[in-house]
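J.: Given the structure of chain A, go ahead and fit chains W and R onto it with the hints provided.
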Amino acid sequence: MKKRVVSAVLASALLVAAAGCGNNNNNSSSSGTTTTTTTAAPSNNSADTTTTTTKAEEKTDDAAAPAASGVSIATDTGKKLRIGCWNDEFQGFFEKYYLGTKELHEGQGDYYDKAPGLPEGVEIEWVTTPSEGGAYQTWLDTNLVKNASASADDKIDFFLAEADYITKYADSDYTLNISELGLTVPSTVYDYTVKAASDRNGNVKGGSFQCCPSTIIYRRSIAKDVLGTDDPAEVQSKLDSWDKFNSVAAQAKDKGYLMTGSFQETFRVFSNNATSPWVTDGQLTIPDAVNEWKDQAKMFLDNGYTLKSDVWGQEKTDQMYADGKVMCFFGPAWYFNFCMTNAMDPEKGCSGDWGICVGPQSHFWGGTWLLAATGTDNPGLVADIIKTFTENQDVLEQLIVVDGQVPNSTDLVAKYAADSTYGSDFLGGQNPLTLYNTMTSSIKWENHTAYDQICNEKFPEKMLDYFIGNCDEATALQNFYGLVNESYGNAVQTP
Amino acid sequence: MSSTTNTVPVKHKSISYAKWGYFFIAPFFVVYVACSLIPLFSTFYNAFFENYIDGLTQVGPNFVGFENFVTLFTPRPDGRLEIINYTGNTMIMWIMGAVPQIIFALLLAVIFTSDRMKIKGQPFFKTVIYMPNIIMAAAFAMLFFTLFSRVGPVNQMIQANGGEVFDFFNNKWSARGIIAFINFLMWFGNTTILLMAGIMGIDQSLFEAAAIDGAKSSQVFFKITIPLLMPIIIYVVITALIGGLQMFDVPQIISSGSGAPNNTTKTLVMSLNAYINGASKNYGMAGVISIYLFIITGVLSFIVFKFTEPKKGGKK
Amino acid sequence: MAGGKMDYFDKSNKASLTVSRVLSYIFLIFVTILSLFSFYLLIINATRSHAQMATGFELLPKENFINNFITVWNDRNLYFIPQGMLNSFIVAACTCILTTYFSAMTAYGICVYDFRAKKAVHKFIILVMMIPTQVSALGFINIVNNLNLTNTYWPLIIPGIAAPATYFYMKQYIDSTLPLEIVEAARVDGSNEFRTFNSICLPILKPAIAVQMIFAFVASWNNFFTPALVLDKKEMLTLPIMLSIVRSNLNSRTGDYGEVYMIIFLSIVPVVIVYLFLSKFIIGGVTLGSVKG
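Residue numbers (the working numbering), protein chains in the order written: chain A, 1 to 495; chain W, 1001 to 1316; chain R, 2001 to 2293.
Same shape as in the complex, but just chain A:
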């Protein structure tokens, strides 16, 4: 088993390197598959697709069957499956495990044989709108509102949503109750993923394929130098409170290192543990935890423990190369594949020199949910897709062994957490799931509002002016409030 994971990580590192650099000669197979966006699945593959197609139809009928008793489900009439998304992360999983695109499985087993595939004649359209500047939500808002009356090919069938704004869509009439799709909540999913996708009355509107406990990702070599150990348990014991974290930051500085690569690095940890929401009854209040972060970030910048880079910035990701000076990054499992390409670089990277531990406070970060859009003309198909990615244990297991994700399955995570042969090469052999499994129970879905995204993204950004002395704290706060006013109008009052 371990060998398989190793090869999987290697393969994905290769794939990533190929996508990233484009100068790799053996990348033709991996990037060659991505030519078309609007793919009629059956035409995509060889003869075996037809059989999988029939399978899908049977499955769809299964999904629709229980509905006959209670809720009435409209039958699928749409010839186009239109999906809203902001990047291609899920699209990759979908093509691998639902369409069964063979090329994506190269060197990763033969799961494509089991993928259901699309019913004949149905085309997929991925509408990718960057989340930058809220463009994705703008697109959703405009199109969901007119979805019911849109022409068949223009109807959004389902869309993806992130933790920061899922509440806005789940708690609205523009998403379908999963019971209307004939689905029930699987017993294996994590509670918080259900809560996140529920409206205020407890109606569940969708599901997630992943679980996102987030940890410190530390450089083993630097930890050895600073703390004298790189063992996850021992490192954790030296970083298990913010006081300890801050004093280790000073030690790291003395040795010529940086504690974090961005002044925003710890923001998600604090904000995720906030005990009050950003907005209560239309009034914005900065949560205490966020204020604590503000003090820490100011102190970190003043003392040179971190960089002025933003959390996604190149200045920070450059520090993931072998010659980087940063000891700690924060992120969940998706962060490895998605943001740590530099660390995986075969030449300049330092794969294997990483370890993870919980850090001062347990938290989670991000996550992608699938929500069915009201007005979809493919409810059966959408139901089957949601079911596949939240309930089908085979697919979720692939997400662990092939993609290194933490799937939304308590059973699978527990199983691999206990598997001593499972380990990640990138993490120097550490089994990340063992740690994640201990954290999942503490993840709570609390204090979320529809206004979180801009607050979480813009507060740290606006505070930088204060941290580096461009203005005083009060001015920086007013700049932030001004931005909230611009973004939310009269719905949110600011001090």
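Simulated from the structure, these hints should not be mistaken for laboratory data. Careful, some of the hints might be misleading.
As the list claims (entries may be wrong) - Think about it this way: if two alpha-carbon atoms lie no more than 16 Å apart in a straight line, the pair counts; the simulated EDC-like pairs of lysine to aspartate or glutamate are: (1) A/308 - W/1164; (2) A/255 - A/234; (3) A/79 - A/191; (4) A/415 - A/397; (5) A/415 - A/425; (6) A/298 - A/461; (7) W/1019 - R/2114; (8) R/2233 - A/153; (9) R/2206 - R/2235; (10) W/1223 - W/1208; (11) A/80 - A/154; (12) A/308 - W/1213; (13) A/114 - A/103; (14) R/2233 - A/125; (15) W/1281 - W/1050; (16) A/253 - A/302; (17) A/224 - A/234; (18) A/308 - A/199; (19) R/2233 - A/123; (20) A/79 - A/113; (21) W/1223 - W/1213; (22) R/2233 - A/154; (23) A/244 - A/234; (24) A/80 - A/123; (25) W/1019 - R/2193; (26) A/80 - A/110; (27) A/224 - A/254; (28) A/80 - R/2235; (29) R/2014 - W/1167; (30) A/325 - A/225.
T.: Just chains W and R now, kept in the frame of chain A:
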């Protein structure tokens, strides 16, 4: 405008054809009314309504009179008035870019239109100066952002020479300077082409007369060229002014939309954009800002006209 | 011709003329470097991989031009890059033709005919020339939405017919170059008014049309604001929107600076070709002005 007198001799002959004038201008007007004027008034109309989206719930439109205007001109609790700040930013960055833009363009136009200089390779130079205008503002902004970032080549050079890293985008003057420089770079060629056309259009007999009178070249420039170029200079200044007030993509990309540092590079249109394309699609506030922008443009254009008109009518 | 030409450079003083000439060359070379420097960097960057880009700037091209092109070609976030180029071309070409043709037509109408509203119309156009496009953007989107014109090119092309700034330029040009006697003569020959405009006036306006065509083409080709409001279907997108999609991926795994610069490269090349093709008219246009003078 200098030669509108041309029309005078044919005036009486064209009377029977007058109605054709309406046919010729009709398409322009029909389209203008449909695509600009009606949208313009409907935008203004929006300013009197509360009209935004809270989450996915449409609020309004409810008639609120001048409430949105009051909101726009209500200072923040610390006494700062954002709209004035954004107006200032826009004007400052515009002037920082437009002044060198017009000076460069005038110099180039003068060099290119001089026969005595016998500049070799004129077609090459004339072709090249317009080229930056071809590059998208977004591409320019990205390029300069990478050039001047904390880990970019400019700072690498500074460090290699023993200097400290300079945070160009967290200092208001360097950030504004870079934005203004990009605007200058993009538009000076365009302005040169317009000015050259203007200089070439000047009646050459005036220069002959001046030469016979023994006028100095500086006299010729200030007493003949500049006054006669006034219509085209007004055109250039006004189009540059409109472009300046519309300044959006360069500062938006350079500051990732934040107007950093400390809102000193945030322009009026960036704010308008935040209302229109932001989470709440606040059409009421967007309408008010549009009216404000409209008035500012009007006032500034009026000032430009006022300042330049008397000279244009100039004697000598 | 040179004798009476306006000239600030004193012929009588050879020494000072030489100094002016040297200074002019220095200035022109400086301006040339300024103009081409960004082009050069953008093109060099299109030949470098994402990883190479992280090491700072280089002055010599690298070997990844083809690889970057393949990345763009295969990017599933984009529909298909040649389609994007075609879309941009369709929109820009239609817009620039409509803009120049109808502006010339409007200017001709104002210059040649003496109708009652003439002065008022001219003043009105000068006035509206100053209104920034963004000011009416809000109302414009509403109309586009209400007429179900999203994801069509009409809202991008049709407004080009009414371009006040282009009209203003054309008006100036017609005033100074079109002898009305020609129009008179055509009438005597029995030419219909529109035919006179198309077959007699337009050829005379060629230089002005070339200048404004290239301006309008570039403005439309590089426009992000309006297309971003109107288009969301992948197969309809224009290059600036495609660039923004790829740019917004920069922070993630699939982010690739090589790809971004390749799209920029691809968006520059066609315009440079159009420009170089039209530039002889632009330079020629200026010369023609002088001949006439």
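J.: If a hint holds in the structure, say so; if it doesn't, say that too.
T.: Going down the list of hints, with the structure as the test:
1. A/308 - W/1164: Since the Cα atoms of residue 308 of chain A and residue 1164 of chain W sit roughly 15 Å apart, the hinted pair holds (cutoff 16 Å).
2. A/255 - A/234: Violated, at roughly 19 Å.
3. A/79 - A/191: 34 Å, violated
4. A/415 - A/397: Judged against 16 Å, a Cα distance of about 10 Å means the pair holds.
5. A/415 - A/425: Cα-Cα ~19 Å, so violated.
6. A/298 - A/461: Status holds; Cα separation ~13 Å.
7. W/1019 - R/2114: Given that 16 Å is the threshold and the Cα spacing comes to 9 Å, the pair holds.
8. R/2233 - A/153: 11 Å, holds
9. R/2206 - R/2235: 35 Å, violated
10. W/1223 - W/1208: 14 Å, holds
11. A/80 - A/154: Roughly 8 Å separates the two Cα atoms, so the pair holds.
12. A/308 - W/1213: Violated - the C-alpha atoms of residue 1213 of chain W and residue 308 of chain A are around 66 Å apart, more than 16 Å.
13. A/114 - A/103: OK: residue 114 of chain A and residue 103 of chain A at ~14 Å, within 16 Å.
14. R/2233 - A/125: Answer holds: residue 2233 of chain R to residue 125 of chain A is near 9 Å, not above 16 Å.
15. W/1281 - W/1050: Holds - the C-alpha atoms of residue 1050 of chain W and residue 1281 of chain W are around 11 Å apart, at most 16 Å.
16. A/253 - A/302: Holds. Residue 253 of chain A to residue 302 of chain A sits at ~12 Å (cutoff 16 Å).
17. A/224 - A/234: 11 Å, holds
18. A/308 - A/199: 38 Å, violated
19. R/2233 - A/123: Status holds; Cα separation ~15 Å.
20. A/79 - A/113: With Cα atoms ~24 Å apart, residue 79 of chain A and residue 113 of chain A exceed 16 Å; violated.
21. W/1223 - W/1213: 13 Å, holds
22. R/2233 - A/154: Holds, at roughly 10 Å.
23. A/244 - A/234: 13 Å, holds
24. A/80 - A/123: 5 Å, holds
25. W/1019 - R/2193: 11 Å, holds
26. A/80 - A/110: 28 Å, violated
27. A/224 - A/254: 14 Å, holds
28. A/80 - R/2235: Answer holds: residue 80 of chain A to residue 2235 of chain R is near 15 Å, not above 16 Å.
29. R/2014 - W/1167: 49 Å, violated
30. A/325 - A/225: Answer holds: residue 325 of chain A to residue 225 of chain A is near 12 Å, not above 16 Å.
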